[in-house]
Each structure stands twice: as structure tokens, then as C-alpha cells.
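Novice: Residue numbers (UniProt numbering), protein chains in the order written: chain A, 1 to 301; chain B, 1 to 301; chain C, 1 to 301; chain D, 1 to 301; chain E, 1 to 301.
Certain hints may be false.
Just so you know, same-sequence chains aren't split out, so a pair can sit in one copy or run between any two.
As the list claims (entries may be wrong) - In silico DSSO-like links for lysine-lysine, alpha-carbon gap of 30 Å or less:
| # | residue 1 | residue 2 |
| --- | --- | --- |
| 1 | 222 | 290 |
| 2 | 225 | 161 |
| 3 | 237 | 92 |
| 4 | 237 | 254 |
| 5 | 300 | 73 |
| 6 | 300 | 92 |
| 7 | 92 | 290 |
| 8 | 161 | 254 |
| 9 | 300 | 218 |
| 10 | 161 | 290 |
| 11 | 290 | 218 |
| 12 | 254 | 73 |
| 13 | 73 | 92 |
| 14 | 218 | 111 |
| 15 | 178 | 225 |
| 16 | 254 | 225 |
| 17 | 225 | 300 |
| 18 | 92 | 111 |
These are computed hints drawn from the structure, not numbers from a lab.
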Amino acid sequence: MSEVVERILSNYAGENPGVIGNLRRLMHTGTLAGTGKMVILPVDQGFEHGPGRSFEPNPQGYDPEYHAYLAVKSGCNAYAAPLGFIEAVAHKHGGRLPLILKVNNSDLLAKTASPQSALTSSVEDALRLGCSAIGFTIYPGSAGRNEMYEQIRDMSREARKAGLPTIMWSYARGNMSKEGETGLDVIAYAAHIACQLGAHVVKVKPPTAHIEGDDRRKFYEKIPKDTLADRVRHVVKSCFDGKRIVIFSGGEPKTTADLLEEIRQLNAGGAFGSIMGRNAFQRPEAEAVKLLQDVMAIFKG
Amino acid sequence: MSEVVERILSNYAGENPGVIGNLRRLMHTGTLAGTGKMVILPVDQGFEHGPGRSFEPNPQGYDPEYHAYLAVKSGCNAYAAPLGFIEAVAHKHGGRLPLILKVNNSDLLAKTASPQSALTSSVEDALRLGCSAIGFTIYPGSAGRNEMYEQIRDMSREARKAGLPTIMWSYARGNMSKEGETGLDVIAYAAHIACQLGAHVVKVKPPTAHIEGDDRRKFYEKIPKDTLADRVRHVVKSCFDGKRIVIFSGGEPKTTADLLEEIRQLNAGGAFGSIMGRNAFQRPEAEAVKLLQDVMAIFKG
Amino acid sequence: MSEVVERILSNYAGENPGVIGNLRRLMHTGTLAGTGKMVILPVDQGFEHGPGRSFEPNPQGYDPEYHAYLAVKSGCNAYAAPLGFIEAVAHKHGGRLPLILKVNNSDLLAKTASPQSALTSSVEDALRLGCSAIGFTIYPGSAGRNEMYEQIRDMSREARKAGLPTIMWSYARGNMSKEGETGLDVIAYAAHIACQLGAHVVKVKPPTAHIEGDDRRKFYEKIPKDTLADRVRHVVKSCFDGKRIVIFSGGEPKTTADLLEEIRQLNAGGAFGSIMGRNAFQRPEAEAVKLLQDVMAIFKG
Amino acid sequence: MSEVVERILSNYAGENPGVIGNLRRLMHTGTLAGTGKMVILPVDQGFEHGPGRSFEPNPQGYDPEYHAYLAVKSGCNAYAAPLGFIEAVAHKHGGRLPLILKVNNSDLLAKTASPQSALTSSVEDALRLGCSAIGFTIYPGSAGRNEMYEQIRDMSREARKAGLPTIMWSYARGNMSKEGETGLDVIAYAAHIACQLGAHVVKVKPPTAHIEGDDRRKFYEKIPKDTLADRVRHVVKSCFDGKRIVIFSGGEPKTTADLLEEIRQLNAGGAFGSIMGRNAFQRPEAEAVKLLQDVMAIFKG
Amino acid sequence: MSEVVERILSNYAGENPGVIGNLRRLMHTGTLAGTGKMVILPVDQGFEHGPGRSFEPNPQGYDPEYHAYLAVKSGCNAYAAPLGFIEAVAHKHGGRLPLILKVNNSDLLAKTASPQSALTSSVEDALRLGCSAIGFTIYPGSAGRNEMYEQIRDMSREARKAGLPTIMWSYARGNMSKEGETGLDVIAYAAHIACQLGAHVVKVKPPTAHIEGDDRRKFYEKIPKDTLADRVRHVVKSCFDGKRIVIFSGGEPKTTADLLEEIRQLNAGGAFGSIMGRNAFQRPEAEAVKLLQDVMAIFKG
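From just these sequences and the hints, can you work out the full model?
Specialist: Written out as C-alpha cells, the structure is:
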């Protein structure tokens, strides 16, 4: 039994044993098992950005089996993907590698009235496929906010009954400047909204020092924000004073050195882990495995 | 037992025996039985383009019986059509010719706010009529994307429970140039989205060398795209590295020579087959049968 | 037993005996019993155009009983009307005069975003009232197409389970010129769509020689369209090569001579009958009965 | 297309195309495809009599795969078994060998108040497993009659909606002498009841010349009953004058010569085929295949 | 990845990935992880025999936490118990120790008309509590057979949809002598029935050489039955020729030496493992842990 994991789970007292059990499972798998930290491999870029742009950098990625294999080989806590990719590997990996079904998705082909992902799978699918959680993207800032929040209200209620936690990708988008989307105030706000919507795990982008909201500016004057670690600390604080698990995406592809420095900052700031997709699967296999292991080593401390 | 068919089906491990059995049935009917290749006769042009334009070139086509007859006579794997046409032949052909119920359809009379087909029949209809699969059209790129993806999410879940696979017609349309609709990046993307939405069989148009998306252009520089075979190879790769069945439509009516050359390219590129409507039923019967048989001969290799 | 009726019904093989039985009942009532032809009296003009405009020409029409009486007296095959009118006569006429419940209706008071009738009654109502069929209006060409097609998909599925056939009023409207609404290509297309949606009986307006669609023009060059009979022949052909019952409305009020000439043309073109409302009930009773009998005499041949 | 099969199916006009299609599929599979005759391999003896007694005579039978293999190898029309045995082979054989899910079963361990099988699987299971029909045993004569008849009333209604025909095993049992169970009057009566309950295919035991019912004796005086062929003729006549498919079980294990003579009599009497379990799978493989092929040769005529 | 586990799972092809994943999880937990063997700790004796009789021998057993602790400490694959005991530990152990919810139970206080357990929890409970399977007891031989078989038919269908396998306790009881309950023919029959009812894992008692059924006696003459290993071999064969997982209970408390000899025989006969309750938790902790580890050592080989 891991004390640190149990301490984290104590913040979810009141959740049913199914949800708790699946959160525990996520934190008891892979290299970081028992540390209270997580590195998750997410692969929805094929859907979100198209197959060529996503997989041509490392063509192994065209094969859905590769990603599950990479997650296992590198010691990830879980693998997250849309319906099709999960269907392609669940039969083989279910019961060993925790699977997270991404139940909504967006693509670059269409331009919808406001940023809003389409529902692409269901809690019923997650159960049939033996998944350990559902994943859902919200776009705080979007004019389609109300519809999205109502969708996840309903889906997470259904998921909870089935013992499945909800992992929320929270990406501010819509009523703001481009740099505002990753501004510290916005990221912290988006993360907090996800927690308030009942997310068990929140995933946001690493915040910049930019402050978007005029109404919020003065409150951010005294908040340390020079280093990423500082900013991450504020985001973690915004997630119920660290009582909700918040993890950070790697974002745009970057050099290994930059990436590992970012991870060090995340770790220093108290992040619960990282969710790293493109930066992993777009590298050649050996390099990807090495990178993920190095990332885990940092979180392991 | 056909090894090649069983190898294809092994990529669908995890599906229930009803879905597997119907996919096997599709691949064990007609001239191409057991080859792992399919030629499907689809006749939704009456609905999509109007009866005069569709059937005047060969007036036998006004009679729904003609199409089922043509599918059987030429040795097709299956026949796909909207509700009315299936209702007109299911009683006579059910149990011999696999029928695919096209559950949504569009027509040229109306101009909807964004490209989106109407739901015109149901899984319950497919069962009542003894069909072996449902067919559904998505228009990636349409502003109505979210509604469409949610519709097929629900219908394919219901279909699966009843042991029916889902065949997805994926036609990018909406937020792009006219030539973009058949550009290689767009076709590959549309095919990949269908796979991620859980399609068991994907149908797209043959791609051109055009690249539509600026964000994708550089990734397509190194992908061979000079011949149709090259481009088809990329589309097949984009369908889970060939682990999902992807077939190609014949598109605009063309000369027999052009058509057969296209089929040769499809085959060389690794396509799982062809879905050929207008180019078949708009020709005189003898010519249509000959054409379909020639097409099958190419896929048979 | 009528051979011609049974031959027509054989085109509906696969339908359940309840649906077949009601179709047979429609074709075995009134003067045209057993001929395979039908003349139906529809009275939804009160709803569609308002009572004064509809019934002042012959004030007997204000009384719902009058229409059922007229249908019986003149020997019609059936009487079709909205909920209220059917409720007013079903108790007295059920079991003798086949009743068709018009389950959606439009009115001139409102102007909806796109042409679309309101659902005004249900299959449950049709059963409660002892009706022999439901009637539903679609407006192909309307931007509200998807909603309408989905409505009739669901209602006809429910009706079929209860043994009730669906009669579809198919009136193109919306994305076209005023004369396009009755153009030959449009009428044929609208009729074909109704058949594809699973209509057992289709009702359209008599087509003019106008061709609306540029994409269809060349296909209509060789189709004979000089006489109404020619044009009706094409519409019947467009209804599954005459395998679906298609009947024609009388349209705008006109002289008796014009009307009877029109009927002669319909009959010569292979129409299965006529559905005649205003031209009948807006005339004085004796004249109306005479007219309907003359119409039937033409169809009887 | 087989005229004889279509003539048989014409007796089921009014059934939906799904049911017709599955009946056609049963009659278009294996050696007897297209002859209108059927030989079905049923293996529920493991459940009904226990594994040792059922499979020790030929231990290949312990393996569920063996039975499906035997059915295919010998050219049977279909394979019928309880849930577990069907689950064990459906993934591999679905889409090629028609499977019949036996949805109720009895065993020799228990002694129930009156003869009545337990419901052991469902229409939903049949769809999930890709079956072509459900099988149900009734025991006319049992004090539990009402419950059984109501069960099959409900299950066959659900099956029909899903396009699945119902095959009824009709074994008189309960309120009669032991020899009465196979008496001509009882077998004919049990077969007739199954037809009246809506069975699409009826399975009974070969009748003896015994007459059980005093109230029926005089009516059987003039009915020829000396040969099995005579008696079978009366049973077939009792199944709606031959308008329902009735097949006969082989019953107790017997010598090959006796068995083939019985088949000749069944065929001479107009039986639609045979359902042969123990007599097939309890023989060594080569002998079983030979026997089944000899049986088929007789029915093929 | 364990080849032996994957080979066992291949016998369940056709099951959904959720069911497969949970079976894999059971076989990848504890000391026997990856060996294809299982030792499960079941504690329903409090319910079945009363607390004093069950827990006084080792009073630690009054505390539900003790059993989960014992299962983990000794390296069991899973822990099975009724609702209350699972509720008492699921929050703490979910996600690490696979839990099996026993959904029906019997007690010694009541005497029901025929042996039949009461439904005491549900699939919904199993999901809420994060269980990996449901457990259900059938009593083949009971006059209440039909009700029991129908209950498990419905519950296992619901469980499968949620990705949960069904473990069936099959105890013949009712229409037989006391020693018949563990006779070889009866145990094999009871195990076979469970498999036919769709059990994923079957649990029976070790069979004696007694043969209960007169109708089965002659078939058991040639079956080796001198040693327990011989008899277990026949039971495994009766479970679809070893294609279903069958495990054996320890039965009445006995000496450690006797118990380990029994396990050796089970293992020699091809049993997939053991389910050992009273013999474990009624011993003092250290002795119990030692015993379970010795048992596992035997199965590990």
C-alpha cells in the first residue's frame, strides 16, 4: 500500500469504491506506480490533426497497436484515445494497461459555430471495452459552453454509477486572445472550472505569465509567476488547493532538452504528472521510450 | 475457411460474433468470396440525384429489382440502398445477397444550413429487413459535424448490439475548396475519422494529389503521391495501418478504360475493394455485368 | 378476389399482413373497389387555408359530417383529414369508410423558418379512431428536410407495427422557383424520395413540362413530356417503375371540363388514382357527387 | 434461385424479410442447399443428459468446436445448441454455418413439478452471437403448459422483430402414458400446437402406430398408419397441410441400417428433413460424416 | 505478456474486451499472476453458516478487513464475498485486489421449498464497488432450477454489457442422495451445465468416485476415476474439453496434509486452481498464509 496514493485518494472521500478503485489503478500502474504521479500517453492527434500530420514523423504511429505497446514499454500509467484506437487494442491490453476512452473529439476539417467537440463514444462503450476512465474535453470560453457543460454533467454522472472516474481536458478557447488561451489566469480558471464540474483528474496546458482578464489582473500582481514552477504552483492551488489531481500536457513538439526542463518545472511546481502525446509517439521508438523514462525519472524524484 | 479473410477479421477482435459473422458473410459472398476483397453495388443515386438523372441512362434502373438482380448476376459481395429500395427486394433476396441499409440520405432538392444527411431508416428496420450491415454518411468538414457524429455514435452502438457492422461513407464537405474535398490529406483525414468513430468498413473517394490544409502540407512532402496507387496506399495506412477495411467509390461516370485503370491503381495501392454504383447501373446490363466482372478480376489478381 | 389488386399488393411483399390488409381495404371500397384504382377525398383545407376560404364556396363543408357523407355517397375509396375532422366522424363511419388520419399539418397564419408542417396527431390516435392509414406531408426542398424525414421515419415505423400503411403527400417547396415546385423533374424527384422513405402510397401534384434543375436538364431531353399523360408516366416510373401506388391531387380549383381532361391524362399516364379535395367539396353537393362519379368512371375505364 | 425453396417460403408470406431471409439461409446452406430439405445437427445432450453419457461414446464431442466442425464437414444446414456451446464457436463459424440458439433447456439432475425447461438464453444473445434462429422446447401435456406457451409467445414475438425465425421442439410429456408420448395422435397434436403457436419450423419425434387419446381413436381408424411413412404423412398434414416445415429427430441411438431405413420412411412420408444429434456425434468422426451424408443423399432423392 | 494466459483467453474469443480484460486481470494478480492458475479466497460462510460457526475458530474473521488483508498478504488472485463484506473493503482495496461480488446467497436459518439462493446484490452494485466479476450459485438438481437459471441468464447478460465476467458456483443439490452431490457424474454434469449457461469460470467441489445416475453408470465404467486427479480430469474435460476455466473448492475443513495432497491431485488433473475459504480463514493468520502460499506453490509447479 502506498501512503502517498492513499493520501491523494483521501481527497476524493465520498466517491464510490469503483471510482476510487480506478483512480488507484491509474496510480498503481507502470513505472510511477505508488508515487502519486502519473504519465499518461494520449493519442487523439490522428482525429484532431489528421493522420499525415500526426503519424508521418514516426510512421509506426499509423498502427494503433504501436501506441499501446509504447505505453506499456515505457511504463506509462495509462493510455488515452478515441473510440477507434481503443477498440483496436482493448482486446489485447485490457486488464493490464489502464485505458481511458476519450468520449468527445474535434477535428481540423470542420469549423463549427463555436469551439465544441463532438460526442464520439459513450460510457457504455467504456464499459464494453474495459476502460478505467472516460476523458472529456471542455472549452471554457466557448459560446458553446452550456451545451458542453451539460454533456459532461450527464456523462460523468453515468460514468460514476459505473465506477468510472472522469478525466477532463480543459482548454480555454473562444472569447479571448490567442495568447490568452495559455495565460496563467485563464489556465488556472479553466482548471478550477473542471474541478467544479466534478472532474477527478484535470489536464491543462502549461501556463505562461500572460494575464488575459482585466478584471483579474490586479489579483495576479502578487502571485509569483516568473518560472513555470511558480505558475504551475498557482494552477495546482486553483485545483482545490491541490486536492484534485492536475496534470499538464506537453503541447507543441519541442526539443528533448526543452521538454525535460519543462517537466522539471512542472514537478517543482507540484504537478501530479504529465500527459505527453506528440512529443512521445512522433519520435522514433527508442528515443520516445527514453524520453518517457526520463520524464518519469524526474517525477519519481 | 479463408486465411486472408480470417486475418482481416483478426483486426476486429473484441467485436461480438454477430458483427464478425456479418463481416465474414460480406467477404464470403459472390465472385470475390474468400479473397478479402469486396465489390459492393450501392444505389442511392435516385435519392441523392433524382430518378431521371440517375436512371434515364439505363431505364432498367427505375425498377428496384434490377439492382439486386445486377448485384447477384455480376457476383457482387453486397447491395447497399436506402429504405425504399431495400424494402422492395429484401423479401426476395434476403438470406442470399447481403443487404446494407443506408440509414441516412441527402438529396439535391434541399439546401441545408450545412451539409448533413437526414436519418431515413433505423437499426430496427435493418433487422426487420434481414440486412447484414448499416451504412451511414458523414461529412467531415461540415458545421453539422457534431450532430452527425453523435447520430452515428448512437446508431452504431445499437447496431453492434444487434450484431450489425457499420459501414461509413466518409465525404469531406463544407469548410474547404471543391478540389480539397478529394485532396489526399482530406481523404486520408476523413477516412481516419471514420475509423476513430468505430466504422468497421470505410468508404471514401479516390484521392487526388491536391493538398488542402496548410497545416498539413509539409508532412505530405515526403509521402509519395504521384500515382493513385501511391495515394491509396497512404489512405489505407491512415485507416489504422490497414487494420480497417477501406474501399473506394468509382465517383463520376467515366469510360470503361479509365475506370479499369483506376481499379488497377486501387488494387495496387492496397484497397480492400470498390463500391461502384453509377458506373455500373447506368450502363446497359450486359456492359455493366462485364464491367463489374472485369473489376472483380482485377481485385482477384 | 381481384387479380389486379393482388398484383399491386405483390409489390409490397415483405410488409406485414396488417399493412397489406389495410392497403387491400382501401382498394376494395367504393366504386373503384377491385380495380386497383383509388379516388380519395381529402379535407385538410380548413386547417391549411382557413375555414372561410375553404368552406364558404359551399357552406355544407363547415360540417365535418358532410365530407364523410360525400365520400360515401360518391363512392370514394377513403377519406383523409386532420385529427379534429376525423374525430368528428370516426364513431359513425368507422368500419365502412376507410379513414386516413393526416398526422401533420401546416397553416397560413404562421410563417416558419422553412416549410415544415406541425405534428398534429399520432399513430395512437389513428388506432383509437379506427383509421386505415396515416397521412404525412413532406416538403422536399425545405431546409427543414432532415427533421421532417426523421419524423416520418419514426412515425411510419410505429404505424407499420400497428398494421397501418403510410400515405405520403410529397410537395417540393423551398430551395426552388415557384414553377419549379410542379416541374416534371421536381415532381418525379419528390415522388421518388417518398418511395425511398418507405411510403406505401405517394401523392404528388400533376407535373408541368418545366424542368427546374440544371443538373438534371439533359436527362430530361429525351423523356417525352408534351402531354400530362407523358409526364405522369415518368412520375409513375420514378416510383419504383410503377411498383408503388402513386396518386395525383387536383390542385387549384378549375372547371369541370378541365378537371376531367386532367383525369383522363392521369389515367392514360398510368396513375393509380386521384385525391380530390377542394374541387369536390367546394362545389354544390349534387355537382360534387357527379364530378367524383365521372372521375371514377374514367379510372374504371 | 431454387423454385422449391421459394414455394416453401411462399407459405410464410406475411412474415418480414428478416425471418424469410433466415429461413432461406437455412435452406441454402450445405449439401441440401436449394432442395427444400434440411438436416440439422443439434447438440444439447450435454445439457439434457450430462457430459459423460453424451460424449464418452465419442470423446471428440467434449470439445464444442468438434460439433461445428462436424456440421460443416458433413454439409449440414445448421447447428443448434445451448448458449455455452454457441458462444464457444460463434466467433469462428458465424456468417458461414447458420447457428440456432436453443433458448431453453432441461437437465436430468432436477425433477421439476411438471416437465418444463428453463430459459437459458435470450433473443439478445442470439443477435449478439449472429444466430439465424432461436430454438425452443415445448412439452404439450405438461401441467406447466401455460407458462411455457406464454414464454414462447413473448420470445418469438421479440425474435420476429429482430428477423429471427422460431424453431420449436415439440415433445408431448406429462399427462399421458410413456408410449403415448410418441403415439401418432399425440405427435400430430403436438406438431399442430407448435404450428398454432407460430413456429416457423417444427421438430417432433417419429410417431409410432400407438393411439393415446380415447376421444381421438375413432378418427384414427381410417388414417393409414402401418408404415412410418404413412404416419409421417399424417403429421405433415397436421402441420397446416404441409405448409409449415416439420422435421424429425432420430431419437434413441440405433444401428446405421435402422437409422437409414427410418430416414427413407421420413422422406417417403414427406418430412422436410431430419435433426440428428446423438446418432451423429456419438459415432466416430468418419462414421458420423458418412452417416450424415447418406442421410442427406436420401433426402436429396 | 503471458502466453499461457493468452491461450486460455483465446477460448473466450467473441467476448467483449471488458470481460476479457477482467478475466486477464484475475489471472494477472498475486503470486500466480501469468501462470494461468488461480487461487481465490471466498468468504460467504458468515452468510451461509452464521458468524459464530464461521469465525469463532479464528476470531480475526469477524472483521471484514481481515479477509481482504489475508487475500493480499497470501497473494491470492481475487477475493469473493457477499455485498456487505465487499462494501466494507472495496473503498480500500479496489484497484489492487480483484473483487468478486457474490450476487446470490443462502443461509441455514431458512428452509426454502427447494434449494435456491436469494438474490442479494446486483450488477449495478458490482460496478459501484469496482468489482472485477460477479459470482452466482446455481443448484442443479433443485426443483427451483428454472427460476435460478433464468436469474443468471438475465444477470450475466447485464454483467457482460458492463464488461464483467460471471463466475458460477455450481453445487448439485436436491433430487439426489447426499453422496450423489459430489459423485463424479454429478459434479461433471453440474460443471457442464454452468458452462452451457455461459459461465466464464466454474467452481465445483472435488468429485468422489461415486456415480449417482443409473442412466449414466455404464458410461462411467471406462472413465478412470481411482484418483482425484483422474476424476478432476473428467470434470475439466466436461467443461468444454478444458476450454472453460474450472476451479475447485476445498470443501470441509481438513488437515493441512490432506488439503495439500488434494491440491496436488487437482493440479495433476488439470484444474485451473482452487477457491479456498474456511480452510484458510479459520486457521490462525500465519498458518493460513503459509497454507495458501503452499497451495500456490503447487499450482505454480
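Novice: Are any of the numbered hints broken by this structure? If so, which, sorted upward?
Specialist: 2, 8, 9, 10 and 18
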